[in-house]
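Sequence order for the protein chains is X and E. Everything in the first sequence is counted per our numbering, starting at 1 for the first residue and increasing by one. Everything in the second sequence is counted per our numbering, starting at 1001 for the first residue and increasing by one.
Treat the hints with care, as some may be off.
[Said to hold, decoys possible] Which chain X residues face chain E? A few, computed with CB under 7 Å, are given here:
#1 Phe201
#2 Gly203
#3 Leu252
These are computed hints drawn from the structure, not numbers from a lab. We put the CB at the ideal spot given by N, CA and C, even for glycine.
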Amino acid sequence: MPVWLDNFLWTYQNLVHALGINGLLALSMYVVLAVGQLSLGQAAFMGLGAYSSALLTLKLDLPFALVLPVSCVAPVLFALAIGTPTLRLSGVYLAIATIGLGEVLRAVYLNVDWLGGALGLSGIPLRAEFWMIYGLLGAAILVLWLVGRSGIGRAMEAVREDATAAQVMGINLARTRLGALLASAVLAGLAGALGAHSSSFIGPNEYGFEPAVTILSFALLGGIATPLAPVLGAFILTLLPELLRGFSDLRLVFNGVIIVLAVLFLPEGLFPLRMRRRAA
Amino acid sequence: MMRRCFVAFAAVLAFAAGSAWAQDAVPVGAIEILSGPNAAYGTAIRAGLDLALDEINATGVLGGRKIALTVEDSAGNKDQAINAARKLIGRDRVIAIIGPTLSNEMFAVGPVTNERKVPIVGTSTTARGITDIGPYVFRTSLPESDVIPVTLKKAMSRGVKTIALLYANDDAFSKSGFDVMKAAAEKAGLNIVAIESFGSKDTDFSAQLTKIKALRPDAVGISALVEPTSGVLLQAHQLGFGRETLFIGGNGANSPKLGEIAGAAADGLIVGSPWFIGKPDPANQTFVADFRKKYNKDPDQFAAQSYDALRIVAAAIDRAGAADPGKLRDALTQTKFSGVMGPFAFTAGRDPASTEGVVVLEMQGGKFAIAP
Chain X
1 MPVWLDNFLW
11 TYQNLVHALG
21 INGLLALSMY
31 VVLAVGQLSL
41 GQAAFMGLGA
51 YSSALLTLKL
61 DLPFALVLPV
71 SCVAPVLFAL
81 AIGTPTLRLS
91 GVYLAIATIG
101 LGEVLRAVYL
111 NVDWLGGALG
121 LSGIPLRAEF
131 WMIYGLLGAA
141 ILVLWLVGRS
151 GIGRAMEAVR
161 EDATAAQVMG
171 INLARTRLGA
181 LLASAVLAGL
191 AGALGAHSSS
201 FIGPNEYGFE
211 PAVTILSFAL
221 LGGIATPLAP
231 VLGAFILTLL
241 PELLRGFSDL
251 RLVFNGVIIV
261 LAVLFLPEGL
271 FPLRMRRRAA
Chain E
1001 MMRRCFVAFA
1011 AVLAFAAGSA
1021 WAQDAVPVGA
1031 IEILSGPNAA
1041 YGTAIRAGLD
1051 LALDEINATG
1061 VLGGRKIALT
1071 VEDSAGNKDQ
1081 AINAARKLIG
1091 RDRVIAIIGP
1101 TLSNEMFAVG
1111 PVTNERKVPI
1121 VGTSTTARGI
1131 TDIGPYVFRT
1141 SLPESDVIPV
1151 TLKKAMSRGV
1161 KTIALLYAND
1171 DAFSKSGFDV
1181 MKAAAEKAGL
1191 NIVAIESFGS
1201 KDTDFSAQLT
1211 KIKALRPDAV
1221 GISALVEPTS
1231 GVLLQAHQLG
1241 FGRETLFIGG
1251 NGANSPKLGE
1261 IAGAAADGLI
1271 VGSPWFIGKP
1281 DPANQTFVAD
1291 FRKKYNKDPD
1301 QFAAQSYDAL
1311 RIVAAAIDRA
1321 GAADPGKLRD
1331 ALTQTKFSGV
1341 MGPFAFTAGR
1351 DPASTEGVVV
1361 LEMQGGKFAI
1371 AP
């Protein structure tokens, strides 16, 4: 590899990683929005994935190929535990409940010394590779796309548009919603583990309310018409602050203005193109 | 003939290129929080850096070369701080980085610069374990473990024997300050009668304070940022804590905002500081006068720390004799400097070696003064 290319890749390595990881997070938001649930527990799932994977690496030094799949276990168990009670809620009540759960976890990270407390966990080796992140992202998009085109996808859309009508048509509401929540937990857990292993430090405040809203904004900006749309939304929101470095002090202002304009003029998201389905 | 001509031509070219290189500015980077809620720290640090840069570039380093300082914003975000470090090293080819502002950011950025063997010098990172990241990580900010023992010594000279500790347990800065305060109090032989904690955004501390009041400690040590510290002092005042109880602040209390928020309730609090605007030595007086002239306002601790840090780096570049990160690292370890913070050298662990510059301050009438 030529030196300049090596250097270029090194310079943008973290940004490229962050793009893929935020893409996975956008998908984890997408799957719950796809069944019409405003569930904001993605940051909490991501935190569980990040903390469990970081601990496995730091305390037991397990190989990353093993750590990565295991890091989904904690978020999935958490999703199973909270799924049944919270999915009876809907709309803004579900949003509030899931944000609350995220805050509970944040308090746990802060108060358990073994988890690093407020100082977080540092010295995590950089083991997330480009191909892992983008391989998983590609696979996730593909699977969600195929599911979206299948009967399950129709069921999900029906639940989103009119839950009562869907139930009358024989769709199992609870199962569809819980399935989406579990998929969301897996995707966010993977993103958390990959994130922890590409920045060498994690702290409790990275998985609280603010990131939950950031993840929601990925899906809001891109829209949820296809699985690709929220991923593109995440790419744009992750790239913007870096592209706007030239504006120095004013860059967060520009960042905000661009997002406000996008939401005002494109309420369906930037990419409202719908998935094509075969006629049934 | 042709060939000799070519050789001569190449030699001239090489010479021209070489001397042009010698005149090139020496690239140095900085990563600070310039936007978002913590921008106040980053802007103060940048002001200190710019002032130092003016002075350094008046004469230059390495025989007249200027330092080209690129300051990148991290917005207080770990990922943006890493991106900034990679951009500074990969694209701007800096030979040293100053910053980042927060310890959390340093834990993420330090491993990156260390991997590329570029020295990084923290000017405001006080948490434990910063310089353990690697041999290229330095800091010029005194860790709290150096400041707090000096403060406690002053308290004990006033007859303090028992102490209660109170801290915010949800941010790294306050928690790490508390750990240090507890260890230092134990080491100094103080009797710790109570340990209570709260959240940084709490507004009611009466439960903790009532419990502490019943135990009648000689002193109360508080490790928290300035806003919650002010809240604690205001409520302690209302609950009837008098001047017989000495309040001792951690680094978070070391801000003029304490007097602005807590007013008379803060009077009598003592805090250790690596720097004080009223330090009478001529170096400090010149710095304060120059800063006021350039910015029309008073410098704070962060500006003073970064002002010294850039001058320490510039002096090390001169001693290294070349714009080379590896040589600069070695030169930095040999630092013997006297700045506005007092005499400065690095320990073998790349932390500040001397606590001579630490002054203990006392709140009097809403303003800090050197404690009697």
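Check each numbered hint against the structure and report the violated ones by number, ascending.
none
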